[in-house]
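Kindly generate the complete structure, drawing on both the sequences and the hints.
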Amino acid sequence: MMLEKEKRNLRVLWLAQTISQAGDAIYQLALLWLVLEMTQSNIITGIIAMSAYLPALIFGLYAGVFSDRINRFSLMLFSNAAQALTVMLIPLVLWNEIQNAWIICGLAFLRSCFNTLFQPALQSFVPLLFAKEYIVKINAILITSGQIAWMIGPFIAGALLSIVSLTNLFIVDALSFLVAIILLLLINQPKQSTQQKSQSHWFDLKQGLSYLISHKPILFMMIITFINNLFIMGPAIVGIPILVKSALGGSASDFAFIEGCMALGALSGSILVSKLNGRLSNGVIWGIGLILDGITFSFFFWADSVPVAMLMIFFHGIGIPLIMVSRTSIIQLHIPNKYHGRLFSVAHLGVVGTTALSSALVGIISAYISVKLIFLLIGIGASLCGVLSLSVNQIRKLK
Numbered sequence: 000m001m002l003e004k005e006k007r008n009l010r011v012l013w014l015a016q017t018i019s020q021a022g023d024a025i026y027q028l029a030l031l032w033l034v035l036e037m038t039q040s041n042i043i044t045g046i047i048a049m050s051a052y053l054p055a056l057i058f059g060l061y062a063g064v065f066s067d068r069i070n071r072f073s074l075m076l077f078s079n080a081a082q083a084l085t086v087m088l089i090p091l092v093l094w095n096e097i098q099n100a101w102i103i104c105g106l107a108f109l110r111s112c113f114n115t116l117f118q119p120a121l122q123s124f125v126p127l128l129f130a131k132e133y134i135v136k137i138n139a140i141l142i143t144s145g146q147i148a149w150m151i152g153p154f155i156a157g158a159l160l161s162i163v164s165l166t167n168l169f170i171v172d173a174l175s176f177l178v179a180i181i182l183l184l185l186i187n188q189p190k191q192s193t194q195q196k197s198q199s200h201w202f203d204l205k206q207g208l209s210y211l212i213s214h215k216p217i218l219f220m221m222i223i224t225f226i227n228n229l230f231i232m233g234p235a236i237v238g239i240p241i242l243v244k245s246a247l248g249g250s251a252s253d254f255a256f257i258e259g260c261m262a263l264g265a266l267s268g269s270i271l272v273s274k275l276n277g278r279l280s281n282g283v284i285w286g287i288g289l290i291l292d293g294i295t296f297s298f299f300f301w302a303d304s305v306p307v308a309m310l311m312i313f314f315h316g317i318g319i320p321l322i323m324v325s326r327t328s329i330i331q332l333h334i335p336n337k338y339h340g341r342l343f344s345v346a347h348l349g350v351v352g353t354t355a356l357s358s359a360l361v362g363i364i365s366a367y368i369s370v371k372l373i374f375l376l377i378g379i380g381a382s383l384c385g386v387l388s389l390s391v392n393q394i395r396k397l398k
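Just so we're aligned: the sequence shown equals residues 0 to 398 in numbering that gives the first Met the number 0.
Honestly, the hints are just simulated from the structure, not real lab data. Just to be clear, a hint being listed does not mean it is correct.
Keeping only pairs whose Cα atoms sit at most 20 Å apart, straight-line, the calculated SDA-like set for lysine to any residue is [what the hints assert, rightly or not]:
hint	residue 1	residue 2
1	K371	F314
2	K136	S273
3	K205	G380
4	K4	K205
Structural data, given as structure tokens:
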């Protein structure tokens, strides 16, 4: 059984993540809709969405090095504080009637720079808090914080938009980071051993990449992650608001409720992945998740109303935890903790870094072809990544 200290840490960490990620959901909705209204351009919206994820491409790998060399808990606190300060600058700019999309782009880029530090630090910190035999279940529980956050966040945003302006949603995001910091300070921390700093950051980075290259199953998983996210993330980030606004004639509130339905589906997926744990290997669960994630996106080709899109995205959300929980658990269970920061930074690069490229591509392509056709083609391509992963025996055997 888990110790009482571990249970308390889990409750506090879960609540901190739920609150901060609910703020993230509100921020993302507000940012994309603000840019669409400000520019009336799918291409510019795609570029600005890309700017919010570009830092992971530029120095995402070094974020992992910092996580392995610096106290991970301190890095998490710094990241949240810096993001809170940065996002507060957006309403200040708007209140001064500076309607410049490229300033918003720069602030989104800066916020993402600080967020790039958080993810590898958090995922490396978790194995220090909990016993190894509970890792998969802990990840499944923690990931529900994101699903609940991305469910209630858009609904909160939709409700708030009926009484306040879009600008005020950025203040809500900033406050969520401050609340998360207070909660994190309540965690009973373990002693952390960081690497000796006699070597350069570049040496540490090469050492981590060499370790990854020598472990073929994890390497194959990372490569497929990169390919799959090039397909899936652009439609998820940029394609959905364009679909709601342009193809379905919906409002910002409709967009918020559709995002909430995806999170509700993901919450159901978290329960499913907990049931599958022990019956199927993490590698198999990951491959199934990729197939489900992709093929359900292709269904948007037939979406003809907001309610239909809400139902479709619920089923799409079910596959997300299968991917995230299994991939996170594989790294935590198969890789020594001293490499966790660097390996999670590679995974974060595969998810967030490729989102930058994919978002820009979807913004550009949607200016020339139907966004529904994009979902059909992208969904098929993403599901084929899952088929590929299940065809690799070494991936299927990953516990």
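Against the structure, the hints:
1. K371 to F314: 17 Å, holds
2. K136 to S273: Holds, because 6 Å separates the two Cα atoms, which is no more than 20 Å.
3. K205 to G380: 32 Å, violated
4. K4 to K205: 36 Å, violated
In this structure, the hints that do not hold are numbers 3 and 4, in rising order.
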